[in-house]
Structures are given as structure tokens and as C-alpha cells.
Amino acid sequence: MKEERDYIQDIAEIRSMMERSSKFLSLSGWAGAMAGIYALAGGYVAYNMLDFNPDTIYYSSPNLSAVIAVAVLVMVLAIGTAIFLSYRKANKRDETAWNAASRMLLVNMAVPLIAGGILILILLSKGLVGLVPPLTLLFYGLALYMGSKFTYDDLKFLGLIQMGLGLLSAGLIAYSLFFWGIGFGVVHIVYGIYMHLRYER
Amino acid sequence: MKLSIDDLHKAFESRVRLGIMSALAVNDSLDFTSLKEFLDVTDGNLATHIKKLEEEGFIEVQKSFIDNKPNTSYSMTTEGQKAFEDHLKALESIINSQK
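Going down the list, the protein sequences come from chains A and B. The first sequence begins at 131 in our numbering and counts up one residue at a time. The second sequence begins at 3 in our numbering and counts up one residue at a time.
A portion of the hints provided could be inaccurate.
[As the list claims (entries may be wrong)] BS3-like cross-link-like pairs, simulated, lysine-lysine; straight-line CA separation at most 30 angstroms:
#1 71(B) with 91(B)
#2 222(A) with 38(B)
#3 71(B) with 153(A)
#4 279(A) with 91(B)
#5 71(B) with 12(B)
#6 256(A) with 54(B)
#7 12(B) with 219(A)
#8 38(B) with 12(B)
#9 256(A) with 153(A)
#10 219(A) with 256(A)
#11 256(A) with 12(B)
#12 279(A) with 65(B)
#13 38(B) with 279(A)
#14 12(B) with 286(A)
#15 219(A) with 91(B)
#16 84(B) with 279(A)
#17 38(B) with 153(A)
#18 256(A) with 65(B)
#19 153(A) with 91(B)
It is worth saying that the hints were derived from the structure and are not from the lab.
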């Protein structure tokens, strides 16, 4: 007959398996903070060097393609850092980064991101440049909200904050670049540091 | 209600089987490779335990083809869910009674 500590061990095993198999817990807090720093740098370049600051929904800028290039660069750097740091964290925890849980996380985040991305491209082609900062925030928030089911619950609040900032900046287009910097920059940095202190120390 | 050791299902005595059931309890379905990664066991070992759970009627198998390669995924049956829940309840009451 089994001892009591065997049963406790059984329960610990069940808990750990349920969590590991349904949630991707190798998401790195530092990656969030780094993404925030890239976003602030990108926002600075767009505002100060490329003179990009949409104040109305129809906004035209001679440097639009350069601004888009900066935005894509920021995104690639942020995703690259997230993959690299999560991969390293998974290795440290003796897990594989590419597992059923991380696949579910990616698929669920990709759906709103791709839908939003296509909508934003359509709006850009029609000159509705002023809607781009609010909509990137809004769809990114939706993606985080969807993804939170497959990783840390805290991601849900990050998603709600991003959606709130997106809606706010849709009403105040003249400040949309400012809200964009707050959302993708400041909020990411605060969130990244919070996650690091809470789960990675 | 008094629960005893007898209420623990024999099928869940093995850690691997317990692990398979736990993973399937929170995922709609999982393929062989994913289960193997989560449990960190060999192919043969996992296959044996899966077979046993399948015979009990606790899990079911879906075979399909992805890019012409056979892909097997597993999910929990209603019966399996019930057995797993009962097992958890029994574990809980044993631990509570010994405190």
C-alpha cells in the first residue's frame, strides 16, 4: 500500500502536468521590457526624425514608407527577442519551447493579429493613416486577451490595458502617437519588469 | 461519505498513466509526440500505457493524415473524465483523513 506522501506526490504530478500541458510558462518577462524599449526608440525615430505625428484620420506624410519600415523593424526585433529569451528560459526549465501549449498560444494570438494587420494595410492604402496607431493597440490587445488562456493570466490585464489605450487614442487621434508610445513602450516595460520580479526570481 | 483506498482506480497507479490523463483533462486532444514530450518517456513505454487506458475505455484515438504522414491524437472519453474525477476525489479524501 502506498504512503501518504505518495498520494501527495501524485497530486503534485497531476497539477504540474495540467499546467505544463495547457499553459506556455516559458514566456520571458525581459522580452516584454525589451519590446517596450524598441517601441519607445521606434516612436522617437518616427516623431523626431521622420516628423510623423498623425493629427487627423486622413493624414499624409512624405516619410510614410520609412515610418512603416521602422514599425516593421521594431516588430521583428521584439518578436525575435521574445523567441530567443523564451527559448533560453524553456531550456533552463528543461522543457521544449515548441510544444503543444506554445503552438496554441501562437495560433490564438495570430488570428486577431493577422485580421487586424490586413485591415490596417487596407486603411493605409486608402490614406486613413490616423487610424493606424489606435488599431495596432486595439488588435494587439485582443491578441493578448485571446492568448492569456494559454499562458500567464496576467497577460489578460495587459491586453485590456492595450485595448483601452487603443480606444482612447481612436477618440483623440492628435495624441495617438503618444498613446502608442505609452501602450507599446511604457506599459510593456512596466509589465516586463513586473513579470520578471513575480515569476523569474 | 467515507472513501477509502479501494476507490482509487487501479488504472491510475502508474505515474505515466496519471500524467496522460492529467494532460488530456485540460487539452481537447494531444498527439503522440506532444504527450511524449510532456511526460518525457520512451515511445514504447508511452504506447503501452496508452493501450491500457484505451482498453479501459478512458481515452479514444483519432487517426488522421497530415501531409500524407499518419498522425495519431488522443482525447479523453466521458467515461475517462468521470473515472479521473473520482480518482482525484479519492486522493483528496485520503489526504484529508490522514491530517
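These are the hints, each one checked on the structure:
1. 71(B) with 91(B): Not satisfied, since the Cα-Cα distance of roughly 40 angstroms exceeds 30 angstroms.
2. 222(A) with 38(B): This hinted pair holds, its Cα atoms lying about 19 angstroms apart.
3. 71(B) with 153(A): Measuring from Cα to Cα gives roughly 27 angstroms; hence the hint holds.
4. 279(A) with 91(B): Holds, because 26 angstroms separates the two Cα atoms, which is no more than 30 angstroms.
5. 71(B) with 12(B): Violated - the C-alpha atoms of residue 12(B) and residue 71(B) are around 35 angstroms apart, more than 30 angstroms.
6. 256(A) with 54(B): violated (61 angstroms)
7. 12(B) with 219(A): violated (37 angstroms)
8. 38(B) with 12(B): Judged against 30 angstroms, a Cα distance of about 22 angstroms means the pair holds.
9. 256(A) with 153(A): Answer violated: residue 256(A) to residue 153(A) is near 40 angstroms, above 30 angstroms.
10. 219(A) with 256(A): With a Cα-Cα distance of about 43 angstroms, the restraint between residue 219(A) and residue 256(A) is violated, given a limit of 30 angstroms.
11. 256(A) with 12(B): Outside the cut-off at roughly 66 angstroms; violated.
12. 279(A) with 65(B): Holds - the C-alpha atoms of residue 65(B) and residue 279(A) are around 27 angstroms apart, at most 30 angstroms.
13. 38(B) with 279(A): holds (23 angstroms)
14. 12(B) with 286(A): violated (40 angstroms)
15. 219(A) with 91(B): With Cα atoms ~35 angstroms apart, residue 219(A) and residue 91(B) exceed 30 angstroms; violated.
16. 84(B) with 279(A): holds (24 angstroms)
17. 38(B) with 153(A): holds (17 angstroms)
18. 256(A) with 65(B): violated (47 angstroms)
19. 153(A) with 91(B): holds (24 angstroms)
Violated hints, listed in ascending order, are 1, 5, 6, 7, 9, 10, 11, 14, 15 and 18; each of the other numbered hints is respected by the structure.
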